[in-house]
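Peer 1: For this one, chain A is given, so just place chain B on it according to the hints.
In the order they appear, the protein sequences are chains A and B. Numbered by the UniProt record's numbering, the letters in the first sequence go through residues 1 to 217 in order. Numbered by the UniProt record's numbering, the letters in the second sequence go through residues 1 to 217 in order.
If you are wondering where the hints come from, they were derived from the structure by calculation, not from laboratory data. Treat each hint with caution, since some may be false.
Note that the list lumps identical chains together, so a pair holds whenever it fits in one copy or between two copies.
Restricting the straight-line Cα-Cα distance to at most 16 Å, the calculated cross-link-like pairs of lysine to aspartate or glutamate (EDC-like) are [what the hints assert, rightly or not]:
no., residue 1, residue 2
1, K95, D66
2, K96, D66
3, K64, E33
4, K58, E144
5, K178, E198
6, K178, D66
7, K64, E50
8, K95, E82
9, K41, D210
10, K96, E159
11, K192, D66
12, K192, D158
13, K28, E81
14, K95, D175
15, K6, D31
16, K192, D175
17, K58, D31
18, K6, D210
Protein chains: 2
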Amino acid sequence: MAESSKPILYSYFRSSCSWRVRIALALKNIDYETVAINLTKDGGQQFSEEFQALNPMKQVPALKIDGITIGQSLAIIEYLEETRPTPRLLPRDPKKRAQVRMVSDLIASGIQPLQNLSVLKQVGQENQLTWAQQAITSGFNALEQILQSTAGRYCVGDEVSMADLCLAPQVANADRFKVDLTPYPTISRINKSLLALEAFHVSHPCRQPDTPPELRA
Amino acid sequence: MAESSKPILYSYFRSSCSWRVRIALALKNIDYETVAINLTKDGGQQFSEEFQALNPMKQVPALKIDGITIGQSLAIIEYLEETRPTPRLLPRDPKKRAQVRMVSDLIASGIQPLQNLSVLKQVGQENQLTWAQQAITSGFNALEQILQSTAGRYCVGDEVSMADLCLAPQVANADRFKVDLTPYPTISRINKSLLALEAFHVSHPCRQPDTPPELRA
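In isolation and in its complexed conformation, chain A is listed as follows (with noise of 0.2 Å):
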């Protein structure tokens, strides 16, 4: 039988991670499924060997798509740019392309990662706030400062880029985390910004088939 040629996204609403790709995937307009993959539910449903053959990294997001499965969100966002390259999330030009990928880059490897659920788990309860404010305020600090010289209407320049895809699920998170965004209004006004836009809406955590009804929006 041959297998379904929808891609399948295995995804967790709340995950900032899945969110980029979810913003990808309405944005190129990509019709896939999801699978949701509860990190809290039975101790972590990421942690079944099911979901750990698919992604040995045993996180969200991963992407079954064109008979493959790829895990990392910026790894999956780029793939959808080479193979579906409309509309583009990176520019022509590669000293913008750069710009695009140090921001994305900061978020996802200077914000994002400590910050994550497997993180708090380990600095214990008590400090988990204080852990994830300190680790979001010295990667907004920069990102504040390098915005300031990149930006147009969104991160670098006028057009949405992979860069939007990371900012907003991280201002999210920052929100979470209880964040005072005051020092960071070029961050808060871009983030408006692509709140406003379609694809942003449609692929929110507020909104996804795994949502729990209280949160939805």
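Peer 2: Just chain B now, kept in the frame of chain A:
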């Protein structure tokens, strides 16, 4: 006065992220100058006003090239790949490129950030070794499993790629933190092949302009 056209790499001999970029520069035969940023001296030279203006993340590496300054090692490597494509560090086939980026991101987002200097400072001296070992073994467990299906002589097939530029420096960190590599035969084998290559040799932490005499080899 015209600026020097030679790229300037802001680097620290022991930084695994700096080493990734040094390997790329060596492989692509790009002549560059090193400005050493000592991450421990003077309370950390990355915190100087001068360096912060250059890279607000206060991290190495940063590369001044073609009139711009790029932070984040993978963004730098992707820029070098796009502007100096020979020899290639990403395969032609998009699926193989996805594998290379997945492995690179697994290390760059999933392992290294959790065991870098600033996080270990936060964790406190008595917990540092256990914390770093846990981050590395957890990532290597996944990586070993992934490489068993992607690797040839190197991480993805038989050509050196960006993934290998991440692997060797991460294994060096594992050594520093006394991680037992016995459970990782594929990682160990690839690392051995990589260290035998000229570009990995000349860029090694023990052979940099800022390597202290007692650590030189």
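Peer 1: Decide, hint by hint, whether the structure agrees.
Peer 2: Each hint, compared with the structure:
In this assembly of identical chains, K95 and D66 lie within 16 Å of each other by CA distance solely across copies; the values are 9 Å between and 30 Å within a copy. In the homo-oligomer, the alpha carbons of K96 and D66 lie at most 16 Å apart only across protomers (12 Å), although the nearest pairing inside one protomer, at 29 Å, exceeds that limit. In this assembly of identical chains, K64 and E33 lie within 16 Å of each other by CA distance solely inside one copy; the values are 10 Å within and 43 Å between copies. In this assembly of identical chains, K58 and E144 lie within 16 Å of each other by CA distance solely across copies; the values are 14 Å between and 32 Å within a copy.
Within a single copy, K178 and E198 get their C-alpha atoms no closer than 26 Å, and across copies no closer than 49 Å, so neither meets the 16 Å cut-off. Within a single copy, K178 and D66 get their C-alpha atoms no closer than 40 Å, and across copies no closer than 40 Å, so neither meets the 16 Å cut-off. Taking the closest pair of Cα atoms, K64 and E50 come within 16 Å of each other only inside a single copy of the chain (14 Å); across copies the shortest separation is 45 Å, beyond that limit. For a Cα distance limit of 16 Å, the shortest separation of K95 from E82 across copies, 10 Å, qualifies, whereas the shortest one inside one copy, 18 Å, does not.
For a Cα distance limit of 16 Å, the shortest separation of K41 from D210 inside one copy, 12 Å, qualifies, whereas the shortest one across copies, 49 Å, does not. Taking the shortest Cα distances, K96 and E159 sit within 16 Å of each other inside one copy (11 Å), while across copies they are farther apart (28 Å). Taking the closest pair of Cα atoms, K192 and D66 never come within 16 Å of each other, the shortest separation being 34 Å inside a single copy and 33 Å across copies. When the C-alpha separation of K192 and D158 is checked against a cutoff of 16 Å, the pair qualifies only within one copy, where the shortest distance is 14 Å, while the shortest distance between copies is 46 Å.
In the homo-oligomer, the alpha carbons of K28 and E81 lie at most 16 Å apart inside one protomer (9 Å), although the nearest pairing across protomers, at 25 Å, exceeds that limit. Within a single copy, K95 and D175 get their C-alpha atoms no closer than 31 Å, and across copies no closer than 36 Å, so neither meets the 16 Å cut-off. Within a single copy, K6 and D31 get their C-alpha atoms as close as 7 Å, which meets the 16 Å cut-off; across copies the closest is 47 Å, which misses it. Taking the closest pair of Cα atoms, K192 and D175 come within 16 Å of each other only inside a single copy of the chain (13 Å); across copies the shortest separation is 45 Å, beyond that limit.
In this assembly of identical chains, the alpha carbons of K58 and D31 never lie at most 16 Å apart, being 24 Å within a copy and 41 Å across copies at closest. Within a single copy, K6 and D210 get their C-alpha atoms no closer than 19 Å, and across copies no closer than 52 Å, so neither meets the 16 Å cut-off.
Violation of the numbered hints given earlier is confined to hints 5, 6, 11, 14, 17, 18; the remaining hints are satisfied by the structure.
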